[in-house]
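Colleague: Residue numbers (our numbering), protein chains in the order written: chain B, 1 to 506; chain L, 507 to 814; chain Y, 815 to 1174.
Just so you know, not all the hints are guaranteed correct.
[Unchecked claim] SDA-like, lysine to any residue: derived pairs with alpha carbons at most 20 Å apart:
(1) B:K366 x Y:R1038
(2) Y:K1041 x B:Q340
(3) B:K398 x Y:L1049
(4) B:K326 x Y:N1046
(5) B:K313 x B:L346
(6) Y:K1041 x B:E349
(7) B:K108 x L:V667
(8) Y:K1023 x B:E377
(9) Y:K1041 x B:D347
(10) Y:K1023 x B:K313
(11) B:K114 x L:F673
(12) Y:K1041 x B:L319
(13) B:K159 x L:G695
(14) B:K136 x L:T801
(15) Y:K1023 x B:A395
(16) B:K108 x L:F671
(17) Y:K1041 x B:H321
(18) Y:K1023 x B:A380
(19) Y:K1023 x B:K326
(20) B:K326 x Y:L1049
(21) Y:K1041 x B:L304
(22) Y:K1023 x B:D347
(23) Y:K1041 x B:A380
(24) Y:K1023 x B:L346
(25) Y:K1041 x B:D260
(26) Y:K1023 x B:P92
(27) L:K748 x B:D358
(28) Y:K1023 x B:F360
(29) B:K108 x L:V574
(30) Y:K1041 x B:P92
(31) B:K48 x L:G695
(32) B:K108 x L:R700
(33) Y:K1041 x B:E377
(34) B:K398 x Y:R1038
Keep in mind that the hints were calculated from the coordinates and are not lab data.
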Amino acid sequence: MGTCLEVKGITKAFPGVVANDQVSLDVRDGEIHAILGENGAGKSTLMKIIYGLYQPDAGRISLYGQELRFASPRQAIQAGIGMVHQHFMLIPALTVAENIVLGGEPGKVRYRRKENEEIVRELSRRYHLEIDPSAKVGDLTVGLQQRVEILKVFYRQAKLLILDEPTALLTPQEIEELIQVMRRLREQGVPIIFISHKLDEVKRVSDRVTVMRAGKTVATLETAKTTPQELANLMVGREVVLQVAKPPQVPGETVLEVKDLVVTAGRVDKVKGVSFEVKRGEIFGLAGIDGNGQFELVDAITGLLPTKGGQVKFLGQDLTHAPVDKRTLAGIAYIPQDRQQDGLVLDFEVAENFVLRDYFRPPFAKAGQLQAKAIAEHAAGLAEAFDVRPRRIHAQAKNLSGGNQQKIILAREVSRNPELLIAAQPTRGLDVGAIQFIHNKLLELRAAGKAVLLVSLELDEIMALADRIGVIHNGRLMAVIPGGQATREQLGLLMTGVQPGKEEEA
Amino acid sequence: MFWHFLTQPDLWAQTIAMATPLALPALGGTFSERSGVVNIAMEGIMLIGAFFGVFFAYYTNNPWLGLVGALIMGAVISLLFALVTVTIGADQVVVGMGVNIFAVGLTTFLLNTIFGYGGTPTSTPHLPNLNIPGLSQIPFFGPILGQQNVVVYFMLILIAVSHYFLFHTNLGLRLRAVGENPQAADTAGLNVWRLRYLGVLIGGMLSSLGGVYLSLGLLNSFEPNMSSGRGYIALAAMIFGKWTPLGSLGAALLFGFATALSMVLQGSGISANIIQMLPYALTILALTGLVGRSTPPAADGIPYDPHK
Amino acid sequence: MNKILRGAVTPLVSILIAVFIGSIVMLATGHSPAQAYAALFAGAFGSPVNAANTLASAIPLILSGLGVAVGFKAGLFNIGAEGQYWIGSMVAVWIGYSVPGLPPVLHVTLAIVLAMLAAGLWGGVIPGLAKALVGAHEVITTMMMSYIAIFLSHYMLENGPMMEPGFTPQSPVILDSAVIPKLMERTQLSWGLVIALAAVFFVWWLLFKTTLGFRLRAVGANQRGAKYAGINVPLHLVLALFISGTLAGLAGAVQMLGVQQRLYDSFSSGYGFTAIVVALLANNNPFGVILAALFFAALANGGQSMQLASGVPAHLTDVISGIIIFLIAAKGIAERIQQRWQKRRNLTLDKGAEKCSGTF
């Protein structure tokens, strides 16, 4: 088999982080080559380089022996790179045929409807991807939409198919169909790169797998000759855990009780019946790979997303369908994942953001009127205590750096003395000092007998802070393990859907 | 009785005549919005077309050159609009409003500066009314379809051509793609900005033609603010017509009918004013989904930022 | 105080630039800018009578401009100020001539309050609910309601329920007890000015000093953040349009009760669109609205004198209006270009950090 794609020594750095560090791999004709890695491993950056959105700082890419540099996605497409994005680039209002031929329509002026539909049918037959060319894409299921994306790639005569997290939005049935499609394509000699974090799928479909971690390619193995444990090990590695002094503590009564929670986003159930509890004086860490439902779970607990089924009980109160402000008043504090969209109003002053959730309560308001002095005092105090820079509380929040914006949110939520603090990705994008600061605050809350629900994509963080760790995968809670006993390998396996001892997804 | 009016060919002839200055800008808006640019400046561009139509017609003593001149000026202001909204990404609604206000002032100012305060010269040539042989002899339909101003026939042809263009040509497909999902269109290799400029430009020229109809077709003069809100009604027609050429024509006919009816019903008992309210109320209902869903192109009004 | 000063800078700069461009146009058409502007100024402020009339013209602009500004603050584009103005006018006039025997203060108050309520509902109920429940764009809905309001007023006056016996399509004159008295004799300036200024303070207080204003501004700035803050977003969209409508309605009421004292059958007051420019020029700051409204009132009133004295057509003032809008859009452009720069910087910065935890 010839080598289709060769990637050698690709390096790409952004301010503050090296996303790809001497990445090398090769893809042979007629193989399905999986790229496996956690969030932050660098898979996405590598793919963006391959299809021309980014330019590498160093290294080279060759397609069938010819070294290529793509200045834009269009060039990559022309060279034969067929990228099927995780978020489809389709136009719902147009038909399948129209979507496929767009930008490369046959003929000069007239849109040749019949011919185009026939072309699509021909492609559809050749690659065994049954589809109705005259259907409107918006009416199709996600699985069928994905087929349209794949057919688009073949219409452009792609030499290489790259599937980026293709099963993220599919139902189990559709996943099965996709796997069949991939196998058939392989039989026809089409090389496929398959990016995933789901071990079981990688095991089932790929011929070889390249594991990436922290921007580097760690190993390339023949799939048949490796085990899930080995792969998980490579994926997750042995790294220094952030040293945090965590005094032992006996947890108290249950503060938050989640039972059989079901949350839907779009047409898919993102949370499929999750149950767990968080107690006083403990930090409950929720680990998982991005996109497995953890953020929808938290949004539902805090009231930003509606609950389809199950129950949320807080201090004995049923808050399943309560509005946001009721939950806040009951004592739930929330540091949201998207700090700029959800946690702050950027156009507002820093001071106003400090009271974003309490502006209507005394002493910040009396009889509907805002008490500017009380707000300013409160803001100044918090800014000082949490070292928000610059200290100008009347500046617009949008002028502050990301780290300082996060401090505002943290300060606000922590200082309202909540019974439960939910923190989603609280240290994302922050420097070491800020991260330490936030971790200490969380531990302070724990010591004070409060409950903390920490949702993080950083395994290190969870392992350092959590008393108990729950692992979420595909909308279900795989297991809850005591923090002290958990190992990276164990968590890594659970995060990719493998139950310890079993090989298939639970 | 009331129904007696419906048998008068005059009513229907007037309907078509009144519909034309609505259908043209509505068609123009369709092009613009199909490519993803909200364009409420139709009112202003109509005025510009109306004024410059008269201006060029008078100074060249040729109504057709007046028409061409108007189209050119319409294109110029559309280019300016596109530059500010597509390339620079400013708020399309605010800028559109700005064009309208600016156009009122500019055209009235130029009217007074160039032609003085007595109005435009009465010797200005105007675009001819046609009398199609054969067609105009048919009883009842004759006067309606066979004896309209030439611009009316342009309008009908343009509607048909536009329909074909948007839904049966490759370029039309690309234009629509850009208005639905510019990012997908970009990755498919389309030049989003160029296509949006095209949409805005065509839209502007069509609105301009609508204005020319008012000044050189129905009359042979320009009066201050003579579009009197038709650009906004055209907006409603476009929405009601679900952003399609045929729909725009249909909605324009409906609105035109309401206007013609009110003229014919004067002094009859049912207030003309109440009837004239109908099209606006219907538009609101359409927008709220009570009279069938009216959904705009998905990316309408959102400037395309390739770096997002 | 700082906020007030800050509110004045944007309109001033835009006005200066527009005046400058106007001068160029004048020179190009063979007129003397100095002479023209001098005449303009004299016409607007030259004598106590002129100044008073300019102030009087500013009143409806201040009020309707406030209305549009409140809408913008909540993220809504209320083009329907014109229609709300008419509704307010109709109700005010109707109460004005059909309810006898009330003491003046009560009569005026009643007329104003009902006018505001009607106009508020006109803007808040249908456009507001449509936006809140279905997401229907308020530009179209308020515009449509505007036309309906105008036709409604025509209906009322042309052989309709509000027409005065006779042949002229106009309403009866309002009763004396409903008249807002004049501040200055033989001018158009009434105590409506006080009402307008009071409204400015009220709106400023409402937006910046109350919890309701906090919520409205939050909804306008970031709907998701507002939801996180526990704010009922759809409700506040409706409220914003309602308040916006009441202010435009107040403009109508004050104009009717203070100046016209009856309702005439005309197609447009001209205030609806100018109000939009006023709000934009003032950058939606309530105090800036006063300045911007004064400017446009001066342009309108002084324009006639300018035309007489220097030959520059009065409609140049409309051209200046249009240029101002482009300038405001330009300010938006400058901001946008700056934002693009920032985004590009942040994108590369955040990309590094973000990708540690983003989706792959």
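Colleague: Decide, hint by hint, whether the structure agrees.
Modeller: The hints, checked one at a time:
no. : hint             : in the structure
1   : B:K366 x Y:R1038 : 26 Å, violated
2   : Y:K1041 x B:Q340 : 13 Å, holds
3   : B:K398 x Y:L1049 : 26 Å, violated
4   : B:K326 x Y:N1046 : 12 Å, holds
5   : B:K313 x B:L346  : 32 Å, violated
6   : Y:K1041 x B:E349 : 18 Å, holds
7   : B:K108 x L:V667  : 17 Å, holds
8   : Y:K1023 x B:E377 : 16 Å, holds
9   : Y:K1041 x B:D347 : 15 Å, holds
10  : Y:K1023 x B:K313 : 36 Å, violated
11  : B:K114 x L:F673  : 14 Å, holds
12  : Y:K1041 x B:L319 : 17 Å, holds
13  : B:K159 x L:G695  : 18 Å, holds
14  : B:K136 x L:T801  : 15 Å, holds
15  : Y:K1023 x B:A395 : 17 Å, holds
16  : B:K108 x L:F671  : 13 Å, holds
17  : Y:K1041 x B:H321 : 15 Å, holds
18  : Y:K1023 x B:A380 : 19 Å, holds
19  : Y:K1023 x B:K326 : 24 Å, violated
20  : B:K326 x Y:L1049 : 17 Å, holds
21  : Y:K1041 x B:L304 : 7 Å, holds
22  : Y:K1023 x B:D347 : 17 Å, holds
23  : Y:K1041 x B:A380 : 25 Å, violated
24  : Y:K1023 x B:L346 : 19 Å, holds
25  : Y:K1041 x B:D260 : 25 Å, violated
26  : Y:K1023 x B:P92  : 46 Å, violated
27  : L:K748 x B:D358  : 45 Å, violated
28  : Y:K1023 x B:F360 : 12 Å, holds
29  : B:K108 x L:V574  : 28 Å, violated
30  : Y:K1041 x B:P92  : 29 Å, violated
31  : B:K48 x L:G695   : 17 Å, holds
32  : B:K108 x L:R700  : 18 Å, holds
33  : Y:K1041 x B:E377 : 25 Å, violated
34  : B:K398 x Y:R1038 : 15 Å, holds
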